[in-house]
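Work out the full structure, taking the sequences as your base and the hints as a guide.
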Amino acid sequence: MRRINPARLRAATERIVAAMGSDPAETRLIADHLVRANLAGHDSHGVGMLPAYVRMLREGKLIPNQSLATITDAGAILVFDARRGFGAHMAHEAVARAIVRAREIGAVTLSLRNSAHIGRIGTYAEQAATAGMGFIAYVNVADHHPISAPFGCGEPRLGTNPFVTAVPAPGGPVVLDMATTTIAHGKARIARNKGEPVAAGCLIDAAGQPTTDPVPLIDRSEGALQTFGLHKGSGLAIMCEIMAGAVAGGQRADEPEQGSILNSMFAVLINLDALGGVARVAEGVAATRAHLTAARRAPGFDQIQLPGDPERAHAAQRTRDGIPIDNLTLAQITEAAAALGIADFTAML
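Residue numbers (the working numbering): 222 to 570.
If you are wondering where the hints come from, they were derived from the structure by calculation, not from laboratory data.
It cannot be assumed that every hint is accurate.
No more than 25 Å apart at the CA atoms, straight line, and that leaves these computed lysine to aspartate or glutamate pairs for DMTMM-like [to be verified]: (1) Lys453 <-> Glu376; (2) Lys282 <-> Glu314; (3) Lys453 <-> Asp426; (4) Lys282 <-> Glu235.
Quick look at the structure:
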C-alpha cells in the first residue's frame, strides 16, 4: 500500500485523461472527480477506474469531448443522451443545466441516457445541494455482464444500481449515496487486489452459494454481488433499473451488452428557495442532527453520523496523510498509462 499526495495524484491523473484525448476542461473535471472519490473514501470509484476507462476508449465505447444531445426540453422535463461521452463530464453538465432550470421554475426532472461510467453519484448530489437544491436520483448500470443478484435470484441480472438523495446542511450537505448491492463492485475489486476476502453476505458463487472470495467475480465474472437488505434492497435496485432504463430511456440490463459500462440516471432537482428557503431546510437538518446525536451510543459506537459525514472525515484525513492505493491497482494504472505512451507514470507520484 502506498500513500500518495492528492495534488500529485490529480496531476498524474490529468496526464492520463489528456492522453485519452480529452480537452483541458474535460481533463480537469474527470481527474478532479476521480481524486475526489478517493478522498471521500470511495476508492472503488476513484483513480482505480482508469484502466477500465482506457480499455473502453480503445474499444470505441468511451468518447472524449462529447456533447450532450438534447432529446426533450419541455419546461420541467429535460432529457439528454450522452452518447457514450466521458461520464463525469456528461453527468456534471446535465446536472448543471438542470440546476439552471430548477432555479427558473422551481423543480425539474432530469433524464440522462447512455453515458460512459459516471463515477461516484454523490458528487452530482453535492453539486446540486451546493447550489441550494434537493436532489434525488436513480441510476442503473448496463452494457456489461450483470453482476448483481436480486432477491430470490441465484445468478446476476442487474448492475449495482445506485440510489442517491441529498440536501444542503450546515457543515456540508447530507448525502445518501449507496449502491443497492451490499458492497460496490469496485470494493470487491479492491479486496481482490489486496488479496482480502469480502464480508459475509456480499457475494454468491457461480452455483448461487454464499462466498467471501472476490477472485472469481473480478477475474472471471463468476457469481454475483448480493443486494442489501434482502427484498428491500432488491426492490430498490429494481426500481433504479426501471426509473433509469424504462422511464429515463437509457440502456437496460436486459438489452444486448458490449462489455463496457453505461450509466443512465433519472433525477429530480428541487429549488429549495421555492419550499421556504435553504436556511429553513438547514435549520431542520440541524435539529434532526441534534436529535439523533443526543441518543445514547449503541455498543461499539463512539459517534452517531449523518449521511455524508464519513466522506468528509475521510477527505480531511486523506488530504492530510495522502490517498492509499494498493500495489496491484497502482500497477494496473501504470500499465494503462503505458498503453497511452506515458512511460513515467509512477515517477509523477
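Taking the hints in turn, this is what the structure says about them:
Only pairs whose Cα atoms come within 25 Å are accepted, and lysine 453 paired with glutamate 376 is accepted, the gap being roughly 18 Å. For the hint linking lysine 282 to glutamate 314, the alpha-carbon distance of about 20 Å falls within 25 Å, and the restraint holds. This hinted pair checks out: lysine 453 and aspartate 426 have alpha carbons roughly 22 Å apart, not beyond 25 Å. Under the criterion of a C-alpha separation no larger than 25 Å, the hint pairing lysine 282 with glutamate 235 is consistent with the structure, at around 20 Å.
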